[in-house]
Amino acid sequence: MPVFEVFGRRKADDPLEHVGAVHAADAQTALLLVRETHFRHKEGVDYAVVPADQLFRLGDPSLVTHEIDMDYRLQAGYSGFREKRQAAREAADRRGRSHLRERPAPGRNANAKVEV
Amino acid sequence: MSSVLTGPDLALPDLHTPRAQVLLAVADDNLVTGHRSSHWTGVAPSLEEDLAFSTIAQDGISHADLWYRVLLQGAGFDGDLRAGVDALGLGRDADGYRHAVVCERPPRDFAFTLARHWVHVHVEAARLQALSGSNDAEVAALAIKLAHELRYHREHADHWFARLTGDDGARGRFADALAVVLPESFGLFEPAPGEHEAVADGVFPGGHPGLRPVWLESAAPVLVTAGLGDLVPADDAQAPAEAAGGRAGRHTADFTDDVWPEMTALYRADPGARW
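Residue numbers (full-length UniProt numbering), protein chains in the order written: chain A, 1 to 116; chain B, 1 to 275.
It should be emphasised that the hints constitute simulated quantities derived from the structure, not laboratory data.
Nothing here was measured: the structure is a model prediction, and the numbers come from that model.
Among the hints, a few may not be true.
EDC-like, lysine to aspartate or glutamate: derived pairs with alpha carbons at most 20 Å apart [unchecked claim]:
id : chain 1 : residue 1 : chain 2 : residue 2
1  : A       : Lys42     : B       : Asp50
2  : A       : Lys11     : A       : Asp60
3  : A       : Lys42     : B       : Asp254
4  : B       : Lys145    : B       : Glu155
5  : A       : Lys11     : A       : Asp46
6  : A       : Lys42     : B       : Glu155
7  : A       : Lys42     : B       : Asp59
Far from chain B, by Cβ distances over 10 Å, these chain A residues were calculated [claimed, not checked]:
id : residue
8  : Phe7
9  : Arg10
10 : Leu16
11 : Val22
12 : Ala24
13 : Leu33
14 : Arg40
15 : Val50
16 : Asp60
17 : Ser62
18 : Arg85
19 : Ala87
20 : Arg97
A few chain A residues facing chain B, derived, Cβ under 8 Å [what the hints assert, rightly or not]:
id : residue
21 : Met1
22 : Glu5
23 : His23
24 : Gln28
25 : Thr29
26 : Leu32
27 : Arg35
28 : Thr37
Glycine residues also receive a C-beta, built at the ideal position from the N, C-alpha and C atoms.
Using the sequences and the hints given, assemble the complete structure.
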């Protein structure tokens, strides 16, 4: 029997998220049966199904793995940034350079008037 | 009426009143159909359908439970409600049950079960519609709530009706099942004992006989559209003799020797048991 992937929303303004699958002869039957298979305990407020064979799969998992350190793509790669920046400022001060000194952040003052 | 087995210190209200008899009929149809439908749990045609139909079976029993409560509360019962409901659902002698005989028929195959499900759901919808207009506030309030709950059951029944009548392989079997179920379903339109008084008092507007034209009007065009016009019951159709008399407590061996002993065995072994 065909398989349908099931996507549901927990609350009305949540995005659709994958919650599982059902076997059903067609989409309408799948919609009928999803309620009791995946939403019988108040798991959500809305759901949708798509035939599993209509999902376009990546196919080659090696396309999403990395062989080199690419931590600049990750939040973890920016840990300790405050300390690094502070150290850089102090080094710049010692050398008499000013462009890394503390200065007001741009655009943070809600009352600032923009001169046109 | 025959006797009711109760736990210790439980005093049930008078069950012979027209209101009580009508509500027993409503509850018993749901209890017994739900019990029969639950026989598919674990063996339905697919896991997903198993879950869906088991829920529908459970809902039938739950709806019966709620009708027994309304019966007791409106009759001034001030004992333990759980014990009272159990006594009504499980403590009566077999001839004290007021459901139509069609409800007690064994599930046979899935075609037969779905044929009965389709008829039962639509008669139930018409009955809840009528009870929504009851001048008994508790009856009307519960009927309105259950009509909402029944929507999924209707959706499910109509879906399978369309699928099975639209499929060459299933159509003949489903039509054969309907040919058995439809005449027996006329037992659902029998009045409960004293029902005419409940109708006159406004507790059950139209009564069970009044549901008959309402249901026929909705079911006939569906049967015709599905090419099963020859199954549309005649306006004066009656339940065959062996499927009549359920509301008066005349049940077949399908109930007295099968559903009833199975359903009530634990309760009768230990009346008042809690679980």
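Going down the list of hints, with the structure as the test:
no., hint, in the structure
1, Lys42/A with Asp50/B, "19 Å, holds"
2, Lys11/A with Asp60/A, "34 Å, violated"
3, Lys42/A with Asp254/B, "37 Å, violated"
4, Lys145/B with Glu155/B, "17 Å, holds"
5, Lys11/A with Asp46/A, "8 Å, holds"
6, Lys42/A with Glu155/B, "19 Å, holds"
7, Lys42/A with Asp59/B, "16 Å, holds"
8, Phe7, "16 Å, holds"
9, Arg10, "20 Å, holds"
10, Leu16, "20 Å, holds"
11, Val22, "5 Å, violated"
12, Ala24, "7 Å, violated"
13, Leu33, "4 Å, violated"
14, Arg40, "7 Å, violated"
15, Val50, "16 Å, holds"
16, Asp60, "32 Å, holds"
17, Ser62, "35 Å, holds"
18, Arg85, "56 Å, holds"
19, Ala87, "61 Å, holds"
20, Arg97, "69 Å, holds"
21, Met1, "7 Å, holds"
22, Glu5, "14 Å, violated"
23, His23, "6 Å, holds"
24, Gln28, "7 Å, holds"
25, Thr29, "7 Å, holds"
26, Leu32, "5 Å, holds"
27, Arg35, "7 Å, holds"
28, Thr37, "5 Å, holds"
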